[in-house]
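Visitor: Chain by chain, the residues run as shown.
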Amino acid sequence: MLANNNLKVCRTLVKRDFKFHHNKNCILVAATMLVTALYTFVFLLGGSIKGAFLLNYQYTYGSTSQILYTELTNQQADIIIENVNVKNTVRLNTIGQLTDPMMGQRLVKLAVTNYAYAETVLSVPTTGSLPKNDNEIALDGFTMNSLGIPYELGTPVTLLWTDLEGNAYASDFTLCGWWTSSTIFTEACAWIAADTAQKLFPSYQDKSSHSVTLGVNLHQPKNLDQQAATILEEQGITGVNFTTNLAYNKVRQEQAMQKAMPFYSLSIVVMLCGCLMIYCIVHVAAQQDTLYYAALKSLGMTPRQIRRLLLEQGCAISFLGFFPGWVLGFGLYFVIANRMILGVEKNPALYFLSWLPFIAAALCTLVTILLSYLIPTIRLSHMTPVQTVRSATIYLPRHRYSSDGRITLVNLALRTTFGRNQWRTIVSTLSLLLAAVLISSAWIQYVSFREDMYLSIISPWDYSLIDGSAYLSVQRYNESNYGITEKTVKELQMRPEVIAVSTLKSREVELNASDELRQRIVDYYNQPYDETMTRKETQAGYPDWCAGVERLEQSGEYIGLVIGVNGAYLQYILDNCPFTSGSFDDKAFASGNYVLAAGAYSKGISTPAEGETVELNGCTYTILGSVMNDEGYISGTNSTQAAFHIVYILPVAQFDLLFPEQAYRQLAIDIDPAQQDTFEIYLDYYEQEQNQDVKIMRRSEYATNFDVARLNMVLPKLIVALVLFGIALINFANILVIKTISRKWEFAIYESLGMTNIQLRCLILLEGIFHAILVFVLLVPVVIFFSAAVMPAVVEAIGSWCTVYRFSLLPLWGVLLMILLLAVTVPFICLRFITKGSLTERMRYIE
Amino acid sequence: METILKATGLKKYYGKGETLVKALDGIDLEIERGKFAAIIGTSGSGKSTLLNMLGGLDIPSEGSIKVGNTELAKLNSEQATIFRRKQIGFIFQNYNLVPVLNVWENIIFPITLDGRKPDKTFIMQVVRLLGLEKKLDSLPNNLSGGQQQRVAIARALASKPSIILADEPTGNLDTKTSDDVIGLLKMTSKEFNQTIVMITHNSEIAQMADRIIRIEDGRIVAQ
Amino acid sequence: MDIITVHHLYKTFGKGESAVHALNGIDLAIEEGKFTAIIGTSGSGKTTLLNMIGGLDTPDEGEVIVDGINLSNLKEKELAVFRRSKVGFVYQNFNLIPTLTVKENILFPLSLAGTTPDQAFFTKIIEFLHLQDRLNVYPQELSGGGQQRVAIARTLIAKPAILLADEPTGNLDSKNGQNVLGLLKLSVETYHQTLVMITHNLEIAQMADRVIRIEDGRIQK
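Chains as they are written, first to last, in this note's numbering: chain X, 1 to 847; chain Y, 848 to 1070; chain D, 1071 to 1291.
In case anyone wonders, no lab produced these hints; they're calculated from the structure.
Accuracy of the hints is not assured; some may be wrong.
[To be verified] List time: in silico PhoX-like cross-link candidates among lysine-lysine, alpha-carbon distance up to 25 Å: (1) Y:Lys858 - Y:Lys869; (2) Y:Lys1007 - X:Lys8; (3) X:Lys8 - Y:Lys964; (4) D:Lys1156 - D:Lys1194; (5) Y:Lys1007 - Y:Lys882; (6) X:Lys15 - Y:Lys1007; (7) D:Lys1104 - D:Lys1156; (8) D:Lys1255 - X:Lys836; (9) X:Lys259 - X:Lys222; (10) Y:Lys981 - D:Lys1085; (11) D:Lys1147 - X:Lys836; (12) X:Lys207 - X:Lys109; (13) X:Lys222 - X:Lys87; (14) X:Lys8 - Y:Lys933; (15) D:Lys1085 - Y:Lys982; (16) D:Lys1194 - X:Lys836; (17) Y:Lys913 - X:Lys8; (18) D:Lys1145 - D:Lys1104; (19) Y:Lys964 - Y:Lys1007; (20) D:Lys1085 - X:Lys19; (21) D:Lys1085 - Y:Lys869; (22) X:Lys19 - Y:Lys982; (23) Y:Lys933 - Y:Lys913; (24) Y:Lys913 - Y:Lys869; (25) Y:Lys964 - Y:Lys982; (26) X:Lys19 - Y:Lys981; (27) Y:Lys964 - X:Lys15.
Quick caveat: nothing in here was measured; it's all calculated off a predicted structure.
Take the sequences, apply the hints, and build the full model.
Guide: This is the structure:
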């Protein structure tokens, strides 16, 4: 008998609600849109940051493929492709490699043009195109620099190369394109057309020719090494080499996730604030509609039907908000991603784009909205109709006001602002408060970054000249490069603007550790780093480094990085690298008998200690002291084998005696600031005249970079805070509108009793000001407390070495101004609408 | 005769301490099926509270209500609602029309909620009697107070409930219409053996009832 | 002497098909010091007429002259002053301000005008209406009859020449209704005021000096 329950009627009511209550629903959809936009924004951004972090490692690996099988036959490649675990592959046919002695250690394959493969190894020409015609060739900038090929399309090129069978040739090509990759890969390709390959080395297509490199992506990119081996096993192939992409290393993935966490965690803030704010709007709407719901209930709408009604309403609003939210979120992301993610050739916003964040954003929005609807739903469905009506009727003022009975406008305004139920105001203020706190925290974080501290560490000198192969931190320094010449150094020293030129050279050498040293280092890295892991375990994301330590542990062999420094570089080391044993002695250091040993930047000796000796290139040196190495002064990275190394520092003059042929890695130049302009002109000229193998870094660029980076650090948080503030303001304005409009009847009564228009306006103005004051009273102490007491700890926790907490209330004043503005203007705008029509109509309105 | 409504020891208190209001202070009442009872009393005497209790719109602080054989307190809120919309037709003082539904949709709303098919011929008869046939497509806000009241009456009758509870159903109607409405109520109650409990100020209307219940200060003072 | 004169009053609400002709050419003169009852079915235009006289609404056509003042010549501000000085309203639903105490409600029109209340007169009124013990409570704490007495006190305090009452007993039971009616009549006699009252109740209408019946926006003879 009691089973009948028509749920379809809810849909009708929801549809009608949308038809009749444009304002309420528009506000809700707008708020939902902003919430969706925020979720989309943080999810997309987090995904991109993660992707960019991993991509950096892919750059180091040299390919975006997960597994590279090398020296396969065509037949083997065909078999591997068929394995079920393989998602997709790219394929490269090599006919040989360049063997020009000028190439140094780099291996450049002469390969048949394959666009898909070229993309995965970031070797698509940026100028010109891939070869199409016979005899055309496309090369990378590093190879061209090494071989001295001019950057001009159509240049004839003669290359020495060896085919797969070991026969040497010298062939003529025409340059049809080149690319300047930001990274120097030890392996690169020189692209030629298939026809050319066919002509030069016809047997590359033979079934048995080991000419194929296969880049493989898997469906499940986990445990790559194991999977790579399994695939070979399953397909019955033996004797094939493969390498796997470090970016898919488990620890790397975790690190990438950590990088993205600050952005993903913003979604929790969005969830909290979004929920609260939408709840406010829904609650106010529900409060306003209480009589409506009470009527529905008394007509026989069951709690289940009421729940269904509200939930359907929530869903409808979510769905309406999704699309504009996605678009807006993507727009925000598009602008920010391009600022924040550097070093990706293509537009990073599009490069890392995926549909997952959109779906996640939609789901989160739905959860947020439904949560916001849940509370009024539960509240409503647990009350009897009469209780519902009673909850909607005006509360009795709690305080008795003593007066002579005559009431002034100020009094009346005070009474209406403070005397009524303040729940709505408090809830709306809470969301404003959250937004204000977020904005303040982003702002204080921003102003706490100190440029002077940053520059004193990052760019202690005015200019740096850096070898082209060590310009970026991901670049591997090429020891055989001759970018910076003696001539350049001389010329710089002669410039009238220059005060000092300091130089730095480096060289990797194979060394053997004594048993004692070996034990010391192994012990050092086995010490606990924190409660959960040892120092060595913290480096698990860097297998090359781990391999280096392993090697030292087993054989005593390790790579020593010998660095020659003078002037500002030496000063930097003395200023920033604390001694762990021994001390600095100017004369002894200059004498050529002593070196400084430098190890991990952490307490304890991880290197040979004071008084011990080391043999470098046949000469024996005594250790003057050991330091914790702050490598901030060295640009670029070292070879893979040298991922783990011990640094030996000696004066450049001594370094030159040891390695006379070694070129400069970098120069530090200090100038007379008064003459900066002429020096800049000289540098511009130098940059144009010299080959691209030398990069100049200006301190002013660092300053600009710093400003950009500082803004980027807080930008996502700031954007989230500002959008949430936007929602809070919508909510605040909504409450003001509802508050004013719901008093249509009250104002009509005032007027019927003889209140003039001016008096009414005065009343509204006063109420607006009082309302704003009420919000201020709740807002100001909390924000000040937060800024003064909580933020120092926050800055300490998430800040870096260049942050010093700074107190600032600037955003608070901005927030207060907006609130005051809204509190005063919104009721005035509403007043125009509710005083339309005659008093009669307005007084009848309530009935 | 069969008792359809039975209230025992009904009490309803609001507030606490000094501000305690005893809206109902021990009401015992039995109403038989098919009877027309009028409740009279000064404003604030507890008439509306009693009517709301009888219809299950509010929960008593003490005491019990039995409709037919069903003890209202034993139903959960879902069951209570469904029971109410099947058994009881309300005519509210403030009409409680759903503003987003037109007149016809309003009239059949409780039936729609129940997922039943409305008896169109019967409802159109009621509609014509109340002079609403031209207003079926209008929204409640476009109607005068009297017209809204007539829609509310039509809605209460539409589901042919066994009990009709009416809170001043003729308050906004002129004498002629209000006589018609009372006539209609009496007629349908005869035809479907319905019980009517009505609050009224109008002593003439009260005279038409089978029985008059006078309430003062939350107690029944005369029957 | 006629204190209220109404000429050719027309008022239409809405447009096109849904247009309602609330007033359809009303001519009326009301003598000073008389009690006039307006009766008619709901929607006949009674309330609209009363509101026009009180300056709460403006006619589409025609003019209203109250105590020598032509209302159509008044600006919004002057109308407000007119309302608080010349006429007093008593409504069916009392229209008291819930955030103000009884005393504040009564004195509200004077507060708006910025005039000092005549203490003796105030005391007289509240005693007359039996409100002396209820001055510091809020209107919601009073019964309907009590609230209507407050509304009447608020009307009387400004010593208006004209009292306009829209079913003042509509929400009251008959005992309270009689009481309020008696007070109104007493006030009219005591202060020599003119009373115009809308009512459904024929008994009450019988007590008036003159009964005007309105149907479809016209006065029925």
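Visitor: It remains to establish, for every hint, whether it holds in the given structure.
Guide: Hints, one by one, checked against the model:
1. Y:Lys858 - Y:Lys869: Holds, at roughly 8 Å.
2. Y:Lys1007 - X:Lys8: With Cα atoms ~23 Å apart, Y:Lys1007 and X:Lys8 stay inside 25 Å; holds.
3. X:Lys8 - Y:Lys964: Holds. X:Lys8 to Y:Lys964 sits at ~13 Å (cutoff 25 Å).
4. D:Lys1156 - D:Lys1194: Holds, at about 20 Å.
5. Y:Lys1007 - Y:Lys882: holds (15 Å)
6. X:Lys15 - Y:Lys1007: The hint is violated at about 29 Å.
7. D:Lys1104 - D:Lys1156: Answer holds: D:Lys1104 to D:Lys1156 is near 16 Å, not above 25 Å.
8. D:Lys1255 - X:Lys836: With Cα atoms ~36 Å apart, D:Lys1255 and X:Lys836 exceed 25 Å; violated.
9. X:Lys259 - X:Lys222: Roughly 20 Å separates the two Cα atoms, so the pair holds.
10. Y:Lys981 - D:Lys1085: holds (18 Å)
11. D:Lys1147 - X:Lys836: At roughly 16 Å apart (the allowed maximum being 25 Å), X:Lys836 and D:Lys1147 satisfy the hint.
12. X:Lys207 - X:Lys109: holds (20 Å)
13. X:Lys222 - X:Lys87: holds (13 Å)
14. X:Lys8 - Y:Lys933: Holds. X:Lys8 to Y:Lys933 sits at ~18 Å (cutoff 25 Å).
15. D:Lys1085 - Y:Lys982: Roughly 17 Å between the alpha carbons, so the hint for D:Lys1085 and Y:Lys982 holds.
16. D:Lys1194 - X:Lys836: violated (39 Å)
17. Y:Lys913 - X:Lys8: violated (31 Å)
18. D:Lys1145 - D:Lys1104: Between D:Lys1145 and D:Lys1104 the Cα gap is close to 29 Å, so the pair fails against 25 Å, i.e. violated.
19. Y:Lys964 - Y:Lys1007: holds (13 Å)
20. D:Lys1085 - X:Lys19: holds (22 Å)
21. D:Lys1085 - Y:Lys869: Not OK: D:Lys1085 and Y:Lys869 at ~50 Å, beyond 25 Å, violated.
22. X:Lys19 - Y:Lys982: Holds, at roughly 20 Å.
23. Y:Lys933 - Y:Lys913: holds (15 Å)
24. Y:Lys913 - Y:Lys869: holds (22 Å)
25. Y:Lys964 - Y:Lys982: Roughly 21 Å separates the two Cα atoms, so the pair holds.
26. X:Lys19 - Y:Lys981: Given that 25 Å is the threshold and the Cα spacing comes to 23 Å, the pair holds.
27. Y:Lys964 - X:Lys15: Since the Cα atoms of Y:Lys964 and X:Lys15 sit roughly 21 Å apart, the hinted pair holds (cutoff 25 Å).
Consistency with the previously given hints fails for numbers 6, 8, 16, 17, 18, 21, ordered from lowest to highest.
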